[in-house]
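Protein sequences appear in the order of chains A and B.
Residue numbers for the first sequence follow our numbering, beginning at 84 and rising by one.
Residue numbers for the second sequence follow our numbering, beginning at -7 and rising by one.
Certain hints may be false.
Stated by the list, open to error - Simulated restraints on C-beta separations:
1. B:Gln123 / A:Thr178: 57 to 67 Å
2. A:Gly330 / B:Ala248: 17 to 27 Å
3. B:Gly108 / A:Asn187: 56 to 66 Å
4. A:Asp159 / B:Gln123: 42 to 52 Å
5. B:Pro234 / A:Ala344: 35 to 45 Å
6. A:Ser135 / B:Pro268: 40 to 50 Å
7. B:Leu211 / A:Gln284: 32 to 42 Å
8. A:Thr178 / B:Val282: 52 to 62 Å
9. A:Ala344 / B:Ala248: 39 to 49 Å
10. A:Ser176 / B:Pro268: 50 to 60 Å
11. B:Val282 / A:Gln459: 30 to 40 Å
These are calculated hints, taken from the structure and not from any lab test.
The beta-carbon is built from N, C-alpha and C at its ideal position, and this holds for glycine as well.
Okay, here's what each chain looks like letter by letter:
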Amino acid sequence: MKFRAIIISLLLVILAVNAFAGAGGARASRKDDVGEQKVERSIAVDAAVAISLCVASGNITIHGWDRNEVRARSADAVKIELVHASQSTPGASITKLEVAVFNNDETEKPAGKCQAFSDIELNVPRGASVLVQTRDGDISIAEVAAAYAGTQNGDIEVQKITRSIEIGSLAGNICLKDSSGRVNVSSAGGSVEAANLQPLQADDEFEVITTSGDIMLSHVTHKQINTKTVSGNLTMTGPLARAGRYGFNSFSGDVTVAMPANSSFKLVAKVSQDGEIITDFPLTLTQNSASSAEARAVATAEAPADPAAPVAKSGPVSPVTKVAPVVRVDVKPKIHVKIKPEVKVAFSMRRVNGIHGTGDAMISVSSFLGTLRLEQN
Amino acid sequence: MRECLDEAILQSYFDGELASQQLESVTSHLATCKTCAVTAREIEAETALLAAAFAPELEAAVPTEQLRRRIDAAIAGLQTQHLPVNESSSFSLIAWLQSLFAPLSFTPQRAFGYAGLVLVLGFAAILGITQWRAASPDANLAANNESARIPSKGSLVPTAVESPTTASDSSQTLATAATPQTSTPKRAPVKRRLTNSATTPAGNVANAVTKPDDRVKLLPGERSYLQTIAKLDSTIKANERPMRPSLQAEYQRNLALVDRALAATRNAAKKNPNDPDAAEFMMAAYQNKVNLLNAVAEARTFNRQQD
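Isolated chain A (complex conformation):
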């Protein structure tokens, strides 16, 4: 009797284990099914095709390849359609393509609606121009000719673009790398980081505007660079382009320009009375003025007794208010130079014009409350 009970118990245990294993296996297979459930569409296009894509929430990844073909894939969309106008000439390749993504069995995508909530991946010709928009997702674009991207909360990463970049974001961070051509970036709260960018044509401009996001440029060799921010910090690192024009505007953010010791530039700085200009470069002040005509000041240079003595940081170069058109102040690097106005002026804005070297490039800085630093790297 006792033996029979043991056998029955064993049988029950075996059955339970089998049932559990079976259920687990079923779950695993379903997961695999879901993972493999990819929607994919592809179409032959022109090498310089213009592609547009818009989703409400989902990550967008676009990568250029060597084929004249667009391939769209998604793991969670129900349907993808590659919409293009019928070609007027038979046999002509497609030059304009819209990628429509569906999360359900909609028969037709409502006009102007970007309602899909799916991640999508595109492979496009390297010569393609892509226009992508999403609300919450991240965007990554690489190795195409032109990238136009917009998002509200997601981050945007763009690299190896050859001709043009235009990006807008509200809160997301923006990262540009290893690209060339015209660049126009705007962001409200997100930061903008650009590295190794160069112009494709001589007049290609590089412009970045943020409200509170920081702007960090590294080795951007465009000849025309404009950066504006309200409270973000501006940092540019790298050599200056010959005859380049650099504009750095901020309200309260600090501006730091780090450049090689052999840089040659003119400086036009507008700062407030309390604003500081800290420079590692000897500057010849060409025209320094306070706005108040009543202001009188005498520049006094205070050099340390031992010029070789290490100074942690160059001191602030307070702009003088001397009326003389040219005041030459030979400032050796790492020498603490302080130019104090004798008479405090009522006005709070001042302009400092200076030159270093032969003045090949032009640096225009305006900061209402921030500090300007010219550093050697």
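Using the hints provided, position chain B relative to the given structure of chain A.
Relative to the frame of chain A, chain B by itself:
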């Protein structure tokens, strides 16, 4: 022999609750029936006794006709003492005065009644004011504009933007943001504070832009920026659906920054009207605001298409 009257009928007789025909019947019966007459007297005595016992409370609680008569008599006596000459017309005057004084007898019930009436009137007044404001935004704006012309006494805050775009939330924030930026001892000529911006039509904003306060001097170039900001602001608010929380947070945070910058730069430009750099800073701040509003307006449009 006639049957004696029921005690209940007798009680009703003394309470004056019988009909006239029944009253006559009872009266004639009491005149002929000694038993019933004795019972009637007993009931009458009891009724009188009870009435005497409860008279103070009854009179205090509910002013009876007797009480009114006593008061009237007392007033009449006073009137006759003070107005002996106008004897002939005093009667109607007294009656009129009596009617005036009658509601002023504050018994507890009447006091509750008055309190209830006051509450109802108060609620009605509040409700009426609320509905009137909701129904007439233009009038409200006009009222606000009117109040904006009133100098803020004792305030040391010069307005950063005494601009027409105060009709917008953003400019309202701007004006508030200006507050800590100013430390000048000069008294503020104007301190605008407008609300109800969401319902302000763009036309009113434009009107306000073209008709600034006499004491408010827009700096050169400001007007067009203010008009643009007002338009963008109305575009942002055109979507009746609430802003998405993430967008709202980003918008408010950056708008506060921009407004602070605008207030500070405008203050500097105002203090130094001949300095082009100060004006340039201010214009840059305006442009920053326009850029931000543009971005948010685009985002709102994008989101609206998806709704």
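**Report entry** Unsatisfied constraints (hint numbers, rising)
**Finding:** 5 and 8
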